[in-house]
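Protein chains: 2
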Amino acid sequence: MALASVNLTKNQKTVLDILENSSEPLKAYTILFDIQKKGIKSPLQVYRALDKLIEIGKVHKIESRNSYVACKHEGCNAKTSTSFLICENCDSVTELTGNNLFSYFSKQAEKNNFNYKKHNLEIFGLCENCKLKN
Amino acid sequence: MALASVNLTKNQKTVLDILENSSEPLKAYTILFDIQKKGIKSPLQVYRALDKLIEIGKVHKIESRNSYVACKHEGCNAKTSTSFLICENCDSVTELTGNNLFSYFSKQAEKNNFNYKKHNLEIFGLCENCKLKN
DNA sequence: CTTAAAATGTTATATTATAACATTACAATA
DNA sequence: TATTGTAATGTTATAATATAACATTTTAAG
Numbered sequence: 038m039a040l041a042s043v044n045l046t047k048n049q050k051t052v053l054d055i056l057e058n059s060s061e062p063l064k065a066y067t068i069l070f071d072i073q074k075k076g077i078k079s080p081l082q083v084y085r086a087l088d089k090l091i092e093i094g095k096v097h098k099i100e101s102r103n104s105y106v107a108c109k110h111e112g113c114n115a116k117t118s119t120s121f122l123i124c125e126n127c128d129s130v131t132e133l134t135g136n137n138l139f140s141y142f143s144k145q146a147e148k149n150n151f152n153y154k155k156h157n158l159e160i161f162g163l164c165e166n167c168k169l170k171n
Numbered sequence: 038m039a040l041a042s043v044n045l046t047k048n049q050k051t052v053l054d055i056l057e058n059s060s061e062p063l064k065a066y067t068i069l070f071d072i073q074k075k076g077i078k079s080p081l082q083v084y085r086a087l088d089k090l091i092e093i094g095k096v097h098k099i100e101s102r103n104s105y106v107a108c109k110h111e112g113c114n115a116k117t118s119t120s121f122l123i124c125e126n127c128d129s130v131t132e133l134t135g136n137n138l139f140s141y142f143s144k145q146a147e148k149n150n151f152n153y154k155k156h157n158l159e160i161f162g163l164c165e166n167c168k169l170k171n
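Read top to bottom, the protein sequences are chains E and L.
Residue numbers for the first sequence follow the working numbering, beginning at 38 and rising by one.
Residue numbers for the second sequence follow the working numbering, beginning at 38 and rising by one.
As the list makes no split between identical chains, a pair holds if one copy fits it or if it spans any two.
Here are the simulated DSS-like cross-link-like pairs (lysine-lysine), alpha carbons at most 27 Å apart as the crow flies: (1) K148 with K170; (2) K98 with K144; (3) K155 with K144; (4) K155 with K170.
If you are wondering where the hints come from, they were derived from the structure by calculation, not from laboratory data.
Please take these sequences and the hints and turn them into a complete structure.
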């Protein structure tokens, strides 16, 4: 079995490609409108590709924005958990990697007798560029 | 100016009431269907009440589930930031309060030259009850 | 009282996502 | 290579979530 990325199907590659070439997260219907020339005609085709890409960790969903972003980390282990810095000014998104987050959240959960499995974290504020401009 | 809770309007009270008496987060249309006997007829009436309740911190939205939960903390300051433990088995939700989260996230953001303003955190796993049952 | 801001009621519509089902591609292996 | 089971596809329809627009009413402060 080769790497997951090698096995992507046509639709999956098409969707991943547009996400990887975007400087910001994209919405499912934005993706759809942008690639209707490439053989994808229905929302379901986009959502199915996204589901698969999320499953293998190549794409993450940003829940509070209903948008999707390609993961830039080679062997990203964030198949389940995600942590983002989201700029309220320019909408840029940076993924946090340091996995001390995992152990920190485990401890927080522990205090409540809760068994940590995974998390979504979205931090909002100003990115470096926008801080300087304001 | 009295406390915000005193100033709630009829629709806002109706929506808050159903959320406070629910053991789990509710979706907007679930709320709508449940209270159509109380004079609320359209989705917009529910969403407007929710918007206001969220604004004053009496209700929080759980982004990954498109659902809403009443805040049980008297003077909840989570008007903007929220932190939840969400049980994957029974869908129960507990809100985290310890605001060491704030300073922790500030530091994480700082490392990326990002100016922290607020956050949403959703931790998934098993609650105490469901841990024992499994 | 007056008045300005907020909330309401209502209809329509936009946005996000999935159901259902028939068909096709594809890799493993007998 | 023929078989076969799994995954992916294509397509139409529809479900679920949320907002636009606008006329009207309520409310609370001065």
